[in-house]
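K.L.:
Protein sequences appear in the order of chains A and B.
Heads up, the first sequence is in this note's numbering, so the first residue is 1 and it goes up one at a time.
Heads up, the second sequence is in this note's numbering, so the first residue is 1 and it goes up one at a time.
Just so you know, the hints here were simulated from the structure itself, not pulled from any lab data.
Glycine included, C-beta positions come from ideal geometry on N, C-alpha and C.
Incorrect hints may appear among the rest.
To be verified - Ranges between beta-carbon positions, derived for each pair:
#, chain 1, residue 1, chain 2, residue 2, range
1, B, P170, A, I46, 44 to 52 Å
2, B, A45, A, T111, 26 to 34 Å
3, A, S286, B, L73, 28 to 36 Å
4, B, I157, A, L271, 53 to 61 Å
5, B, G56, A, A130, 24 to 32 Å
6, A, T111, B, H160, 51 to 59 Å
7, B, L99, A, T125, 30 to 38 Å
8, B, I154, A, G151, 30 to 38 Å
9, A, D257, B, L73, 28 to 36 Å
10, A, W70, B, L21, 55 to 63 Å
11, A, S286, B, T83, 51 to 59 Å
As the list claims (entries may be wrong) - Derived coverage of chain A by chain B (criterion: at least 3 residues anywhere in the stretch with Cβ under 8 Å from a Cβ of chain B; other residues may be distant):
#, stretch
12, 214–228
13, 243–253
14, 259–270
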Amino acid sequence: MSSTTDAAPTSESLAGTPAAPKEKSALGKIFWISIIWIGLVFLLAIVASWIGLDDPNNGNFALINSSPSWSHPFGTDDLGRDILSRVIYGARVSLIVGFGAMAIGMGLGGTLGMIAAYRRGAVDTLVSAASYVMLAFPALVAVIAIVAFWGHDIWKITIIVGIASTPLVYRVVRAATLSYATREFVTAAKAQGATDTRILTRELLPNVLPTIISYFLIGVATVIILEGALAFLGLSVPAPTASWGNMINESRTYLSDNPWLALFPSMAMFLFLIALNLVGDVLRQSFDVQESKL
Amino acid sequence: MAKFLLKRLLALVGILFLVSLGIFMLVHLLPGDPTTTILGPNDTAHNRAVLMQQLGLNKPIWTQYFLWLGNVLHGNLGQSFITHQTVTSTLANAFPIDLELIVISQIVALGVAIPLAIASAKKPNGLLDRVSTTTSFAMLALPPFIIIVFAVLIFSIHFHVFPGPGSYVPFTQNPISNLHTMILPSLVLAIGSVVIYFRLLRGDLITTLQEEFIVMARSKGLSNRYIMWRHALRPSSLSLLAAAGLNIGGLVAGAFVVEFLLAIPGLGYALVNSIQQVDYLAVQGITLFVAVVVVVLNFIIDFLFTIVDPRIARE
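With the rest of the complex left out, here is chain A (with noise of 0.2 Å):
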C-alpha cells in the first residue's frame, strides 16, 4: 500500500517547473486573487441576508427562466427565483459542508495520525490498520448509502462526509508527523521533561502545520466536490434550499430554454475550486512537503 499512495494524484502542479523569477511574481498574484476571491465568497455568504438580494426560494412566477437582465445580473430559474442570489446563498453550503467536514476530519484523523506517529507501537498499529479498511471502501458509495439512510440534512452531510475524510486525513497527518517526531528537538524536549501534551501541540504541531493547511484547502475542493456529486444523486440539501450542486442538477430540465441555469452555479462552483487548489498547491510548494514520506 505504502507504495502506491507515492503516487499521489496531484503530485505536479503548476508551480511544479523549475520557474524563472519572473514568473514566480507571476504566480504570487494569481495566488493573492485567489485568496480575496476565496474571502469574497466567505463575506457574500456571510451577509447574504443584508444585501438587498432577492429571495432565494420564493420567486416571481411573472417572470420564469429569463436570460439576464439588470434587475436579475444572472436570469431567473424556472421558478422566477433570481439565479444570482440563489448562486451566493447556494455558497453557504458549500462552504458549511467543505469546510465544516475537512474541519472535522482534521480534528479526528489529525489528532489520531499526530498521536500514533509520535507513540507508535499498539496504538499506531490498530488505528492504522482501521484506515486502511475504511480507506478500502469506496468513499463515495459508503457516504451515498449512510446520508441515503441517515437523512440529508446540511449537518448530518457535513458530519458523514467529515468521518468519511478521516482516514486519509489520518494517513497524511501520520506521514508528516513520523518525519519530525523522532528529530533531536523532540528528544530535546522530553529529556527536558516534557509532558507528551506539550511536545505534541508546542513542538510537533507547528512543524505538521503547513501540510495540514495545504490539505485542508485541497480537501475542502475535494468535499465541494462530492457535495454536488449527491446533489445529482437528489442526497444533498433538499430543495428548496440552493447549493451549487442542487442548482446545476436542477438545470439539467431546462438546459435547452435556459442555460444560464447551468452556467452560473457552475462557473461559481468552478472558479471558487480552482482558487482553493491554487492556494493549497502554492502553500503545500512552498512549505516543500515531502510527498514521497507518505
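We have chain A already, so just place chain B on it with the hints.
P.N.:
Here is chain B on its own, set in the frame of chain A:
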C-alpha cells in the same frame, strides 16, 4: 517472495472480512424499516412480525450477519425484497456496463495523456507544456457532473452528435448504438483520468530526463525518440500503474453520477434505486461488490509492483 505474498493474502482476507462486517452493520444500524417499505405504512403489527420472521430480521444481529456471510461465500447475495430479482443477477446486468465505461475511458485517457506528457516533457516550460499544464490544472476544478451537463447541452441538445439522457441500448441488442450512447459518458470520465495521468507522467518524465543514464544514452548518440520511449518512459510506468489503480477504483464510484445523469443502468443507477426503495439486501450486495472489486484491484496492483520491483517485497 512466497512468504510476502502469503502475508499480503492474509491481510486481504482480513480486510475483506472487516469490509463485509462494516457494510452489514452500516446497512442494519441505519434507520428505515424494510417491512414498512414492503407492506406499506398501514399494515398490522402481526403481519409485520410474520414478515420479520420470514426475512429472518428478528434474529440477533450477529446470527443475521453470519447467515448472510455464509450465503455470500456461496455466491448467494440474496433476493431483493422489492423487485424479487436476485442481487447477483442485478450485478451481472449492471457491472458489464460499468466495465465498458471504464475500459473505453481508460483507453482514451492513456491514449491522450501519454503522448501529451511526452511532448510536454520534451520542452519543459515551452508553449505546449505551459498550455497543457495550465489547462490540466483548471480541469482539476471541473467535476464530472459539470462537464456532463455542458457536454449534453452542446453535443446532444445543440449539435445532436450524441444521444441525450435515457437513450441507453444494451450492447447485445445493438452494439453500434450502444457504443454511440456510451461515447459521451466515457469521454467525460476520461477527462478526469487524463488530467491525473498527464500531470503525473509529465512530472516524472522531467525528473527522469535529468538523470545520468539519460545523459549517457544521449552521449552514445541514441535518438531522442528511442531515449524517450525506451529509457525515460519505463521507470515512469510504475507510478502510472499505481495512479491507474487508484484511479480506476475511484472510477467505479465516480461513474455513478454520470450513469445516473444519463440513465445508464449500471451499478450506480442500481445502487441509488435500491437505496431509495430501502432495499437492504441489494444495497448491501452492491456496496460489498464494489468494495471487493476495489480492494482486490489494489491488491493485484500491489502484487504487480513486487514483480516489477522486487525490492518492495524485501522491506
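K.L.:
State for each hint whether it applies.
P.N.:
Tested hints:
For the pair P170 of chain B and I46 of chain A, the supplied restraint of 44 to 52 Å holds, since their beta-carbon distance comes to about 51 Å. Range check, A45 of chain B to T111 of chain A: Cβ separation about 46 Å, and the 26 to 34 Å hint is violated. The beta-carbon spacing between S286 of chain A and L73 of chain B, approximately 52 Å, falls outside the hinted interval of 28 to 36 Å. Separated by about 25 Å at the C-beta atoms, I157 of chain B and L271 of chain A break the suggested range of 53 to 61 Å.
Under the hint 24 to 32 Å, the C-beta atoms of G56 of chain B and A130 of chain A, about 30 Å apart, fit the expected range. A hinted range of 51 to 59 Å for the beta carbons of T111 of chain A and H160 of chain B is consistent with their spacing of about 55 Å. Our hint of 30 to 38 Å for L99 of chain B and T125 of chain A holds, since their Cβ atoms are close to 36 Å apart. Checking the proposed 30 to 38 Å range against I154 of chain B and G151 of chain A shows it holds: the Cβ atoms sit about 36 Å from each other.
Distance hint check: the CB atoms of D257 of chain A and L73 of chain B are about 53 Å apart, inconsistent with the given range 28 to 36 Å. Remark: the range hint 55 to 63 Å for W70 of chain A to L21 of chain B is upheld by a beta-carbon distance near 60 Å. The supplied range of 51 to 59 Å is met by S286 of chain A and T83 of chain B, whose beta-carbon atoms lie about 55 Å from each other. Interface restraint, the stretch 214–228 of chain A with chain B: holds (3 residues with C-beta to C-beta distance below 8 Å; minimum three).
Here's how the stretch 243–253 of chain A fares: 5 of its residues keep a CB closer than 8 Å to some CB of chain B, so the rule of at least three is met and the hint holds. With 5 residues bearing a CB less than 8 Å from a CB of chain B, the stretch 259–270 of chain A meets the requirement of three and the coverage assertion stands.
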